[in-house]
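Residue numbers (the numbering used here), protein chains in the order written: chain A, 22 to 864; chain B, 1170 to 1488; chain C, 121 to 234.
Simulated from the structure, these hints should not be mistaken for laboratory data. Just to be clear, a hint being listed does not mean it is correct.
What follows is a list of derived Cβ distance ranges for each label pair [stated by the list, open to error]: (1) Pro1461/B - Val630/A: 25 to 33 Å; (2) Phe163/A - Ala125/C: 53 to 61 Å; (3) Ala53/A - Lys1231/B: 21 to 29 Å; (4) Phe163/A - Glu1394/B: 33 to 41 Å; (5) Trp652/A - Ala157/C: 52 to 60 Å; (6) Gly164/C - Val630/A: 54 to 62 Å; (7) Pro1461/B - Phe163/A: 49 to 57 Å; (8) Tyr633/A - Arg1464/B: 52 to 60 Å; (9) Asp559/A - Arg1218/B: 30 to 38 Å; (10) Gly669/A - Ala125/C: 27 to 35 Å; (11) Ser1227/B - Arg456/A: 47 to 55 Å.
Quick reminder that beta carbons are idealized off the backbone N, C-alpha and C, glycines included.
Each chain, letter by letter, is given below.
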Amino acid sequence: MSDTAQTATPQDPQRLHEDMHEVWGNPRGLKALTIVNHTTLGLRFMVTGMVFFLIGGILAMLVRTQLAFPDQEFMSPEIYNQVFTMHGTVMMFLFAIPMLEGLAIYMIPKMIGARDLVCPRLTSLGYWCYLFGGIILTSSLFLEMAPDSGWFMYTPLSSGEFAPGPGSDFWLLGITFVEISALSAGVELVVSILRTRTRGMSLDKMPLFAWYILAMALMIVVGFPPLILASIMLELERAVGMPFFEVAAGGDPILWQHLFWLFGHPEVYIIFLPAAGIVSTLIPVFAGRPIVGYRWVVVAIIVTGFISFGLWVHHMFTVGIPQLAQAFFSAASMLVAVPTAIQVFVWLATLWLGRPVMKLPMLWVLGFLIIFVCGGLTGVMLALVPFNWQVHDTHFVVAHMHYVLVGGMLFPLMAGLYYWLPLFSGRMPSERLGRWGFWLTFIGFNATFLIMHWTGLLGMPRRIYTYETVMGWDIFNLLSSIGGFVMSAGIAMVLLDIALHFRFGRPAPQNPWNADTLEWTTSMPPSAYNFASLPRVDSRHPLWDDPELPRTIAEGRHDLAVIDHGRRELWGSDPLTGKVREIIHLPGNSWWPLFASLALAVVCVCLLVRLYPLAGFATLVAVGFLLRWSWENGAHPKAAPDAQVQPGDPPLHSRTMDGPGLWAMSIALLANGSFFLSYLFGWFYLWTVSPQWSMPDTSPLSLPLMVLAGVALTAGTLWLEKLVRGLRRQDDRGLAPGLFAVTALGGAQLALLIWVIWQAGLEATETAHDAVLLLGLIYVLLHGALGTILTLLQGLRVGYGYVSAEAPFEPAVVARLWRYNLVVFWVVVFALAAMPMWLGGGA
Amino acid sequence: MLAGCSGDRSILDPAGQAAREVAWLWWGMLAFSTLVLVVITALWLYAFRGGRPTERSSRDEKRIARRWIIGGGLLLPGLSIVVLLAFGVPVGQRMLPLPLPDGQQAERIEVIGHQWWWEVRYPDAEGGEVVTSNQLMMPVGEPVDFHVTGADVIHAFWIPRLGGKIDMIPGRTNVIRLEADVAGVFGAQCAEFCGAQHTNMQLHVEAMPRDDFDAWLAERQAPPEHSDDHQAARDTFVEHCASCHRVAGVSDGQQGPDLSDIGDRVSLGAGRLAMEEGAIGYWLRHHQQLKPGNRMPSHDHLDAETLDDLGAWLETLSP
Amino acid sequence: MSRLALTHPLHLVIGLTLWSLWFVAIYGGLSVACAVAPPAPEQGALTAINVVLGLLTAATTALLAWLAWACLQMARDELGRPRFVAAVSAGLYLFSAVATLFVGIPVIGVPPCL
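Work out the full structure: start from the sequences and follow the hints.
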């Protein structure tokens, strides 16, 4: 490998740029819909997020108008309930998370020295799913049939009996659709951060922002599936009548709360971590020195990522859980103050030891600090069970959560936007208008929500549409409303400032803030490929070490500066050491992500209007598109037919056994595993805790048949593993017949499973027990089908010459899915069929 | 300051031991939090001061940084939460419905949440169960165990001046023990969002000395007397209302609030409309405007006079 | 060999994963125990459930503390990236141990199923 890139002859930057642009550049016109580039899509995410932010903000102003005076009839109760439900939903699901994902999608490759994310077409799919899901969800507002059960959709209030209209369906389907986008972003961010860092960027030299995003992405991967499961279950209950949450049929509404908050609490930290990452990026730059306690911050990030999964019950302290269990969650909730405090004091020490300057982004960071610390302190109070019993579901909680979310997300986001504006546009923001915007937002925010704590303490419950003067809440509500409008004015001013700067901002110099990270070595605004050549990194501060980097990169003096092969290339590196292992070649622009998400949108709309046959058909179309998309891979002529690389360079990833696809599959299976564990939790929860659970004395599932299906699956998995081991030895003899045989075994498993389901005669609309069983069986059935189809395609690809000893990496990816299916299937056999047999239904 | 804390739903104007302890917890936490916030903010602002000598060896820098991180990041939150739990856990413990000493029995009151009204039952009342709606009488100065559940969706039971809340969940019964130390009227409102009229699901709570409480129960156990003055109104009731509403001695509907003592209540529609002469008739004519979406069908098919007569009769139902 | 393994990045997540498993075990165990065989309220906090949960907590804390100590020793002997991984792992193990102890402490005084 050539380590001598620095001394390579400089090329003409303009010429190199043109050649690179030929391969990487974005098409115009209608074809712009095919773009997969992370810079473009990151911006699309953020602009779309901002639009939803404005919609959510208008809804907030409607709420504040309604509550400004007592006994107001500005909105009817039905409309008011829709408005506050949609305010929370839009802000959480359509603004906060996608906005931060967008920032990460935009920033991460630039910070780690890569040219794009590792699954660019997945980025595109994610964007379209987000856009279509968001449009479907917000359209309900204009149809006046928006969800109205509150943004956490507690059953039975959101169930078919008490919310018969389509509002809940809009929520469940729209949110699940949007979550496809979160999950795909989560998966590819993890793999990108772990596997595509530039040469030499070992784990301990990553920018802290990448650590934060890594944690966020993993939390998305683990944290979102419980909500997806819950949404699917509730939608099945509403649409088909499977009574998962219905007490009379043996279900339990509290299961929804567990699953929702199992997602919902980590989500708060999914929002906070990237924002804290922005703060950790900005503070060293404006203090003019490296962050102190890098290791402390890494510890704090990892701790936050884990502990935040152990807090969910603190949203449920009043549901009547034993006090000892509440004490566990109370203590765990308080513990999360520790990593947060570590970060606050790391930032303080960095400022203390540096020479900080109060530029506009730092003003927002300061605003963040004050608001977020205040929110954190009330958070610790809320973690205290007796106090929580009093203020739970009052405006005190509303105030707390806005302090945490606005302080912990919006303020750092604004700081980050102002900081990176020169990168987005090549121009500097104005200081004056920006400062006005900040102060109005800051003052307005505190006027709204500081007072609201008090309103809550005076006993005002959340989500009431009006109140009477005798309660004594008038003046506080009026002040909150005035504050809300001041804050809106501030936000409007900020947006105006940002809009104007694109036209009137003075051109930014290279590296305007004297930052240390690689994103400032790109051109401003960045080219589609970010770096003409990929620099080697030896410290955490490459740009402070070598301020000449922007020039030498543009001159192609570093790695992978050759482009005449026409491939989109970047380094595949070792996750730990950052040593280069292979060249990853990325797929280019494509219609398939758009088509697939359009088909999914059709599915979503058909389910909404209850056209189930059409929904089934559209699902098949979507699967067809996705499989067709997967066909252009590996050694396919459109991917990388020839494997020629520069002398001394490592091989293309499609010619190795450890491509990023394998990593993406593993991370996707992590999400899938989280989904499955949530399902198991649901099964055991209902079995042990549900008040009117009933279970037949003998399991309706035939254990022998299930074991037989498991044997077929096991045989298939072992055979596939054997074929993969052969490929590892460059031996592809009998590959195609072997793959077809594995397909046949998969088919046998499916047939047996269908027999099991058929002979069990489950009455899934009568009892929660049967409904849960059916759901689990369908889960393993679909996974078996997916494994079988993919194996069949692999067999065909061998015939086309796309898979062989020379291009061996795909069967290994499929084998991982089989391994997962194997484990899950036997767990299902054990938990659903064997355990009830041993323990009996009476338990 | 104290005047600002009062109000019939104010957590900070406690009328019971549990609420009092939580109020004290709040004031303590507020004082400490304010101190922390002010100090941290001041330190940050101080860090921005300019023009100071910054020549430090890297060893010194490390020492200073470590001092901040360990002091502020570990010790400060660590000690704070230990102290907080040391105060907080015993407070929670004292609220548990543990068995009382000397075989005492706490008064048991069942409260059932409906969309959007409260059913209140006194199953252990001497002389037979007493049922009422949207008002809750309780004895003062002794512990009361509230056994709560939801009939349709999840509601939450909360008397802010007495203590913490508990959810009312269909299929489950939760128990919360509260005690009022002063006689008086307290406000209460459903705390868990329960649909269109969550706002108008209020409960009138009155704590009274034991003797008054027993007398109140006894009044409701006396067999009802129905004079013949309102025969027409009673017929209307039996025809149109009886399948949902119970009036002792007249009907046994279970879907809506029990109306046996409605003439004795302070409000209609779970706090929506103050009770006064003619209020029931007005309510019957306009309840879908006053409380849109409530589960009682509108009575547009009955003329105003019939409804007013019906109201006049119901107002006489006062034990 | 085992000393070598302490610089493996997996140690960055093992500690808190153990914490999570322990947490699931005590919360799940408590819920199941209270659903299946709740002790009489008169017993207070001195029940078999509390004892089992307490022992589990103590064992988990001890294991995590030992791992923290081992990683710390490792960090002292290493330089560069391995030192980074071992030191961060040590911090995470220590935090996990303290978190286990802190979250588990209430089993001493709180009755299990009320």
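### Query
CB of Phe163/A to CB of Ala125/C, is that within 53 to 61 Å?
holds (59 Å)
CB of Pro1461/B to CB of Phe163/A, is that within 49 to 57 Å? For Phe163/A against Pro1461/B, whose Cβ atoms are near 22 Å apart, the range 49 to 57 Å is violated.
Verify the CB-CB distance for Ala53/A and Lys1231/B against the hinted window 21 to 29 Å. violated (51 Å)
- Query: Does the Cβ pair Gly669/A, Ala125/C satisfy 27 to 35 Å?
  - Reply: holds (33 Å)
- Regarding Tyr633/A and Arg1464/B, is the given constraint of 52 to 60 Å on their beta-carbon distance met? violated (31 Å)
25 to 33 Å as the expected CB spacing between Val630/A and Pro1461/B, which holds or is violated: holds (27 Å)
field: Supplied distance hint 30 to 38 Å, evaluated on CB atoms of Asp559/A and Arg1218/B
entry: holds (35 Å)
Next item on the list: Note whether the CB distance of Trp652/A and Ala157/C lies within 52 to 60 Å or breaks it.
Entry: holds (57 Å)
request  = Determine whether the Cβ-Cβ distance between Phe163/A and Glu1394/B falls within the hinted range of 33 to 41 Å.
outcome  = violated (58 Å)
Problem - Distance restraint hint 54 to 62 Å, applied to the beta-carbon atoms of Gly164/C and Val630/A - result: For Gly164/C and Val630/A the Cβ distance comes to about 58 Å; the hint holds.
(message) If I claimed the Cβ atoms of Ser1227/B and Arg456/A lie 47 to 55 Å apart, would that claim hold in this structure?
(response) violated (36 Å)
Violation of the numbered hints given earlier is confined to hints 3, 4, 7, 8, 11; the remaining hints are satisfied by the structure.
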